[in-house]
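Colleague: So you can see what is in the structure, the chains are spelled out below.
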Amino acid sequence: MAYGTRAGRIGRGARALTALAAACLLGLSGCGGEEASPTPDPGAAQSRPGEVQVEAVEFHHQLDGYRPRKKRYNFYFTYKVVHPWWDAVALGMEDAARQYEALGVTVDYEYLAPVEASAQDQIRRLEEAAGREFDVIGVDVADVDAVTPAINALIDQGLRVMTFSSSDASREDGCRRIAYVGNTHNYEDGAALTQALCEKLGGRGKVAILVGTQGAPCHEDRARGAQDVIARYPDMEVVEIAYDEDRADRAYELTQGFLARHDGLAGIVCCNMSNPVGAARAVAEAGREESVVIVGMDHDQEALGYLRDGVIYALGVQDCYSIGFNTIQVAVKIADGLLPGEEYPEMTEESTTIVYQDGAAAMLRALYGEID
Amino acid sequence: MDASQQNGINEKQKKLTAAFALWGGVIITVILLLTTVWVLGGARTGTNQAVARVSEFYLEELAGRRARVVSEQLRSNVADMENAMSVLEASDLVSQDALRQFLGKMKRLYGVEKFALVDENGIVYAQHSTTSGLSRYPFLAGELTEPVLAMSNLYGANKQIIQAIPVEGVYFRGVKMTACFIQVNISRMLDELNLESGDNETYCNIYYRNGESLTNDSYGYLTAGKNILAALEGAVMESGSSYERLLSDFAAGNGGQISFRYQDVREDLCYRPVEGTDWMLTILIRDNVISEQIGSISTGMMRRSVIQIAVTALSMLGVFLGLIWQSRRSDKLLLDQEKADGARIRAAYAQIEREQSAMEMIHAAMGSGQWSMEFDGNANMVSCTWSDVFRNMLGYEGEEDFPNELESWSELLHEEDRERVLRAFWGAVKDYSGGTAYDVEYRLLTKHAGWRWFHSAGRLSRREDGSPISFEGLFLDVDDAKRMAAQLEEQKIDLQDALAAAQHANRAKTTFLNNMSHDIRTPMNAIIGFTSLAAAHIDNTEQVQDYLAKITTSSNHLLSLINDVLDMSRIESGKMKIEEKETSLPEIMHDLKTIVQSDIAARQLEFYIDTADVVNEHVLCDKLRLNQVLLNLLSNAMKFTMPGGIVSVRVLQKGAAAEGWASYEFQVKDTGIGMSQEFLAHVFDPFERERSSTVSGIQGTGLGMAITKNIVDMMDGTISVVSEEGKGTAFTVSLRLRTCSGPVRQEEIPQLKGLRALVADDDFNTCSSVTKMLATVGMRPDWTTSGKEAVLRTKLAWEQGDEYAAFIIDWLMPDMNGIEVVRRVRTIIGEEKPIIILTAYDWSDIEEEARDAGVTAFCSKPIFLSELRELLESPFAPQAEEAEEKEAASFQGKKILLVEDNELNQEIAVEILQGAGFVVEVADDGGTAVERMRAAEPGQYDLILMDIQMPIMDGYQATRLIRALDDPKAAGIPIIAMTANAFDEDRRAALEAGMDGHIAKPIDVPKLLELLENILYSRQG
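Line by line, the protein sequences give chains A and B. With this note's numbering applied, the first sequence covers 624 to 995. With this note's numbering applied, the second sequence covers 29 to 1049.
Hints listed in this document are in silico derivations from the structure and should not be mistaken for laboratory results. Note that beta-carbon positions come from the ideal geometry of N, C-alpha and C, so glycine has one too. Everything hinted at is true.
Heads up, simulated DMTMM-like pairs for lysine to aspartate or glutamate below, C-alpha to C-alpha not over 25 Å straight-line:
1) 694/A to 141/B
2) 187/B to 932/A
3) 142/B to 724/A
4) 204/B to 731/A
5) 694/A to 125/B
6) 142/B to 718/A
7) 135/B to 731/A
8) 133/B to 724/A
9) 694/A to 120/B
10) 187/B to 718/A
To give an idea of the chain A side of the interface with chain B (calculated C-beta under 10 Å), a few residues:
11) 700
12) 702
13) 704
14) 708
15) 714
16) 717
17) 720
18) 724
19) 730
20) 924
21) 943
22) 988
Restraint ranges, calculated between C-beta atoms of paired labels, are given here:
23) 197/B to 872/A: 28 to 36 Å
24) 884/A to 118/B: 53 to 61 Å
25) 118/B to 883/A: 55 to 63 Å
Make the full structure from the sequences, and use the hints.
Modeller: Quick look at the structure:
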């Protein structure tokens, strides 16, 4: 699939650069050089408008050649909330399951989430799944602090637990999950998008930050990355941070509030998929798309439309399809009793591509066909 | 006008004709070219228009049909889901696995991407997954009350049709199921409707009425998934088409067709609404596809037409030139032909006349009469003509005698031939196909010569419809030839029979000679060989004795072979006769036993011989032949049974026979090597042997069984055999013989009535038959096959005070021999009661021991009722006279006149006789013998041994002359024939000539001495 886009890609290895970026940030603030042009985080923002053409999402996967030891697997996956982003992950899972079936290996799974994000609901689902003899339980962590003990409890019962898609609970967090497949660079994503916004604004102006679920690691990390980048610009200010609980309508309302409360609002950083949709709707409705620069995450069709129309400045598109595909591959290996090592890494990183207006139409076609 | 002028005119005329043909051909060619171009041009235009119209109709039809297919598919999908829900059972909902199995089955059954159920919480249950579906499937947002058709544009530009139906009354784990849906890949569905072939593509797609594409597939030059209405906004419409009409048709859901130019390509778009949806099915075809095809076809046609015309013109030119040349040549040939035909016709007429004349002469010479008939169109005879020759052949003079009518001839036909001949005649006439020929032979009654054979044949001429016109034929007298042929046939059959008989006889002779050559040479070889060896080792007495023993064996075998051959020869020539005389069956059986006894012992065989139910012991039969039969069978049984085996003989009297007759069965069984089933079929054929003597080590002539069978046949009996290889053989001879005395006395013996008797014999048959006999005489018999048991029974009977009054005990019993049994029984019963030892063996060796043990008497098996009765009635005393050894007869001083012409035989006979004590004189001819007797002193000779075949006077003549001597003593001298003429008739002839006995050569010394003793001493006695 070839399409014209100016995009930057944040992917494998980016997390390794996170520490370096943080160090740079610390160094800058330590130097107090307000006038100095802040150096973009090399891991978080690797592209600029008009720079490169890449494939944001890889739809043509092949199984990696590993030969499963069983003929049938049964997995349980739970994620944060019912949302199209995870439907994209589900398509990758379906593809992998289909390819295993062609090899004579049956992969059954449950892939469930609450309608509203809730760490307690997730803990309840994990406890319930523990009694149902699944080969592997996968969780997209809704809240690291709340869910980690539940994961460890399952591990203590001898169950095999992995994390996947958007949010991990790592060993540093005290979690003893076996592996993680998904976005390992949420902080960098937030930082890179915000860097683009700052540059668009010339390093000055008021910025509001929309976040998804409170406590959700991915959202919080992106918000943190955004704040850290803005902090490097002395003429910039975070005027407000708000959580939409992964609902676009909520994001819309929150944005209306930002616009009402901050006449000089110059930008909005959106940290999840629903944020940019709601923000763009409100900004366009207010007729302030020329004065308010929006950057955000993910591949929502409406958001991509706003990107094409210039209402949104940039979107970080994650490769959800690969996340789903690789999650199933790693789950099969975990079910076969393999620990991270040669067959799979402890963390399987998936890429994020920053797409600008000139790449929006191609991205739309790639993800949703021709949209008029 | 002279000839040259005429030739000039002709030449000019010919040139004009050629020029006319040439120019005519050119003009026709040009016309053809012009008209072809004109026709093809018009055809191309017309074809283009027609194709355009047809394309239009075709596209409309194509689009309409596909729209209906899609519509039907959508309806069918809903029906499929409803069907699936109707077959969903409680068992499919008991577990997640069961539900997944059901959903998988439905998915495979209906061939969809996904077949799923949705519960009230928006959870989607599919074959391999259970997922949250609210965000993925927008149709789940509201309550589903009727079937829904939706499209899902999945991440990855993967558009899918979703069809869902509401579900009621289905619960899974207590949660209500609200919907069932299927997911169909619309691109895959449309792939089946597309027509693509290289660059000539026809595209099919489906759009919403707002122009939005249901697929993300490419559509001609349109961008994949692009809104068609938006795309065609900039297209250049052809006349008769407008963009506005397209918009209005789409908005209203009307079908239509437009032509336009898009990216400089002329295209036709046909669209039809899909019933039951807000979809429009469209078919796009590029116009150049059709026009290029038609242009290519038209150009090709034009090119081919021009080539065709050129070829036609050249061909016409060739034909014209050929015709002119042929015409000139034909004129000349025609004239020549006419001349030749005239000559041929004249010659043919002359030939016909000659042939007719010749035929008339031939008929007259051959005596073949012609006849002819004529028929109308319905095959009715209208005239019949018999020639005079024909009439004369039958003895008639003219038409008055033999009118020209069919009946004149048909009434003279022989009754046996009439129907056949008339059927052949009318069959030929009425077979319109002409395939039936008339060619028959028959007998006719002639006027003076009676019935004679004639041969008649004829041919028909026919009309076009096959009906006969005339029938012409000939009639030949073949009587002489016919009779000659019949005679020849009879002679031929006779000759064939004679030839067959001669060939058979020749074959038989050859076979016989071959067999005999082999069978005689074998022992002869031994005799000659061992004789040579004996001569070579004459000083070694022991070795010579061994050789002589072998020579004797071979000689005996050779003799038996010759006897058998002679018997067989006499049987086949019908010379062997059955002479019935009063015969004692016990005697036959005892003789038989006596004869074989030594062989039985030598071969270490077990031997059983017994009787059953024999009440007529004296019969009229040929004892000699019956003996021969039984001996043959018994000899074979012994020959083919290995040491330790069993040979048994049994005689049974069978049920009721006619008065004065009795039926017997003689069974000879063995446990020998048996015979194969293949050989059994030929066992009674001459010269048949199961194995060669070299293989089995058993010698035989192969004639014994054939002779046996023939003798039995001559005795009006039957012989049968049952055999199994390795198990043994059983021969059964059934004979019906006339009785010559009444049955053996059956009444009880008063002094034995009610007394007990014990029979002990390991042979059950003997026990059975003796027990019956004992019961017949009034005793109460018990029997046992065990010697030990016999002792026990004796003891028990003694203890019970019901002792046995008589004992009949077998000598050889496996568990305890008879002598020991007697010894023990005697210790119980004392010395008073009679104990008889019954045995098939020679008891002389053990007689003394047996009598010491307490045996009262010996009885030889088989025992007959008369013998048992005699035994039980007589006092049980040793038969001293029987025990006495007969003194050997002395021939010392007895004088024999040996009449023998052969010097060698003289020498042998003299040696034998002198060895026995005789004084021998030799006469070498019958005449000499007569003279000797005539001149002899009284008592000079005690006996004459007379050869039969002698050169001057044979033995018969000599005997008759001796018997006719005046001296009564000389005339009454015993004369014994000693001859190689060994047959019964020879024996009879000897007796008839006045001789007293007959002994066959080669001389069996014991037999000779026995005969001499009988004759010399019986006369003395």
